[in-house]
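Here is how the chains run, residue by residue.
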Amino acid sequence: MSPLSLELGLGLLGLVLLLVESFASVPRKLIAYAAIGGLLAALAVIVSGAAGSVPDSLKEFYVVDPLALFYKGFAIIATLATIILSLEYAPIIHQFVATHPERTKEAGLGEFYSLPLFVCVGMMVMASAVDLITIFVALELVTVSFYVLVAFMRRSAASLEAGVKYLILGALSTGLLVYGMSWLYGMTGELSLSGVAYKLAHWEGNSAPILFAVGLMLAGLAFKVGAVPFHIWIPDVYQGAPTPVTAFLSVGSKAAGFVVLTRIVGTFLTPGSVVAGPVIQILLILGGATILLGNLAAIAQTNFKRLLGYSSIAHAGYLLVALACIHTGGLKMTSGEVAAFYLATYLPMTFVCFLILSAMRAKGYGEDIASLKGLGRANPTLGLALAIALASLAGLPLTAGFMGKFFVIFATVLEGYYTYLAIAVIGAATGFFYYFKVILAVYSKPDGPSEGPTPDLGLLSKVSLAVFVAAILVVGVYPDLIRFALVK
Amino acid sequence: MPAVLFYLFSALTLVFGLMVVVLRNPVASALSLVMSFAGLAALFISLDAYFIGIIQILVYAGAVMVLFLFIIMLLDIKAEALKKVNAFSVVGGALLAIVFIVQLGMILGGLEAGKKTVADVPIHFEAAAETQKLPTIKDDLAKKSLPDTKLVGMALFHRYPFQIQLMGALLLVGTIGVVILSKREVN
Chain A
5 MSPLSLELGL GLLGLVLLLV ESFASVPRKL IAYAAIGGLL AALAVIVSGA AGSVPDSLKE
65 FYVVDPLALF YKGFAIIATL ATIILSLEYA PIIHQFVATH PERTKEAGLG EFYSLPLFVC
125 VGMMVMASAV DLITIFVALE LVTVSFYVLV AFMRRSAASL EAGVKYLILG ALSTGLLVYG
185 MSWLYGMTGE LSLSGVAYKL AHWEGNSAPI LFAVGLMLAG LAFKVGAVPF HIWIPDVYQG
245 APTPVTAFLS VGSKAAGFVV LTRIVGTFLT PGSVVAGPVI QILLILGGAT ILLGNLAAIA
305 QTNFKRLLGY SSIAHAGYLL VALACIHTGG LKMTSGEVAA FYLATYLPMT FVCFLILSAM
365 RAKGYGEDIA SLKGLGRANP TLGLALAIAL ASLAGLPLTA GFMGKFFVIF ATVLEGYYTY
425 LAIAVIGAAT GFFYYFKVIL AVYSKPDGPS EGPTPDLGLL SKVSLAVFVA AILVVGVYPD
485 LIRFALVK
Chain B
-3 MPAVLFYLFS ALTLVFGLMV VVLRNPVASA LSLVMSFAGL AALFISLDAY FIGIIQILVY
57 AGAVMVLFLF IIMLLDIKAE ALKKVNAFSV VGGALLAIVF IVQLGMILGG LEAGKKTVAD
117 VPIHFEAAAE TQKLPTIKDD LAKKSLPDTK LVGMALFHRY PFQIQLMGAL LLVGTIGVVI
177 LSKREVN
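Top to bottom, those sequences are chains A and B.
Those letters in the first sequence? Residues 5 to 492, per the working numbering, in order.
Those letters in the second sequence? Residues -3 to 183, per the working numbering, in order.
To be clear, the hints were calculated from the coordinates, so they are not data collected in a lab.
Careful: at least some of the hints might be erroneous.
[As the list claims (entries may be wrong)] Beta-carbon label-pair distances, calculated as ranges:
1. 107/A / 154/B: 24 to 32 Å
2. 107/B / 45/A: 48 to 56 Å
3. 58/B / 183/A: 42 to 50 Å
4. 154/B / 418/A: 40 to 48 Å
5. 331/A / 102/B: 48 to 56 Å
6. 91/B / 33/A: 48 to 56 Å
Backbone N, C-alpha and C fix where the C-beta goes; we use that ideal spot for every residue, glycine too.
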């Protein structure tokens, strides 16, 4: 079985679901269940290792190495979680898509459940892409699908505003990326990353044009992963987008950006490359600024979604610093694997937060931190899950988040980047402050006597919540679980 | 192409490109963009890239711009023209653009490739004809004419069929998005 058949299969499933959605009047939930079933099957194929080798005609563009398989699995899990979240969030979507919400029941939900499949296809191709054209095409498939998903709640001004902002800034960053790619192609005459790496290692003469290309490409990708100073879009877009899409953006889109970044940075840092020094400097400065700004700006936030937006910026900073630390032999992982590990710890904790946020929103609660008050009493299970996820985001020992940060900090020590070690530690300390502020809200008394409906979850969400919380706790004690998946 | 024409078309492209940003009336901006594309198309053609030159006119100056004008027609132009300019963003944007242009100029000045002309890099038709398998392209090259449309087609459908299909998915998603966002009544 060719690994490509996974992408093709999921793409076809997306098409079929769209057709079913338009021509048959099935309950929209069934479409979501079909998508979940397809994704689970694809995940099973990847985990079982049945994904075989790549056909010769594609070898030039497409690789299936452990890193690619890891990110493919990651994309599938993120998409699964997004669709499960969407099931919780469905009433809100319907309310803001239907022109007459009282007359229709499930307006727009069919598309909302099937579009993530196309994003997943794009992210899976990105995980394997090793040539500039393939990277660009897959990246655009992901980004364009996200433009639609972010603006999906068309009767909500916030969602439309988020969509327009994301569209314009996304197009700008794509322009930067493509311009950089065309310079790189113009200077090296190569489109495949291995070809570019060879040319960079044997470069003679002026390296300024290459640096120009590198700068533009890194700027474009920094936008996609939300690194300072290309992060300005994140808070507004995260706050305005439908909550499941925000979760998908902050986990899926970020991971897809980082797999491309890992491969491209790996090309730039190939042994003997003319641009290795500057690229490491750029990554470190971007990463350091991102950690500081993301964490410090998060302190003042009162909206939980916006807070998670800033926290996602801060996490991108740690990931960038991880990519810059290339001598990580002491960890028995490459820098790309440290970043992948960090993302794997970031996925469950972020999805737990957004899952609970979706469920609360669907029950009529707001998205402010203050509206979480009393959750610990109303539904102790949800309160505990949220507290664990937040503690993990902060990096409390014995949680997955601690392990992610630990490896990054260890990598900076191995490299001797003590400035960035200090920045990472300051960032983590700040993180404790604002994440624990939210935990405090969860376990404090509600302000007024007015008792809202108890937030609760559907069965699928309960199962995934349990799986994610278990993952946070198990990986926090036994990180080799993820390491084996990466370094096998 | 004589150097005079190159400078003429470059100036055309740049001046109208600048006007796209500077002009306050959206229709004038859009029409300036058409002119800028036309100048760019002429530059492509002067580099023997006939196919891209024609596509530049057909697709960008033709189809895309007509759509732009349609959209502008549906919007409230007066409100747009009356909007106040934010001095900070103008200064910031101009500064950023100047820094970028200076950087670009310095790099272009140091490039060896910039000193060559098309005449310095002749196409070796006979050698190229031997590497090609497809008879139509081989014949064209043997007759010393550049089959650029056929070469683009070869690249798209022989070398990158997989990527083309991904683009298909992308366009589909875009279409669905437009329908969802603009349909009057969604059931």
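Going through the hints against the structure:
1. 107/A / 154/B: 24 to 32 Å: violated (52 Å)
2. 107/B / 45/A: 48 to 56 Å: Once the Cβ atoms are compared, 52 Å apart, the range 48 to 56 Å for residue 45/A and residue 107/B holds.
3. 58/B / 183/A: 42 to 50 Å: Between residue 58/B and residue 183/A, where Cβ atoms are some 24 Å apart, the hint is violated.
4. 154/B / 418/A: 40 to 48 Å: holds (47 Å)
5. 331/A / 102/B: 48 to 56 Å: violated (33 Å)
6. 91/B / 33/A: 48 to 56 Å: Once the Cβ atoms are compared, 53 Å apart, the range 48 to 56 Å for residue 33/A and residue 91/B holds.
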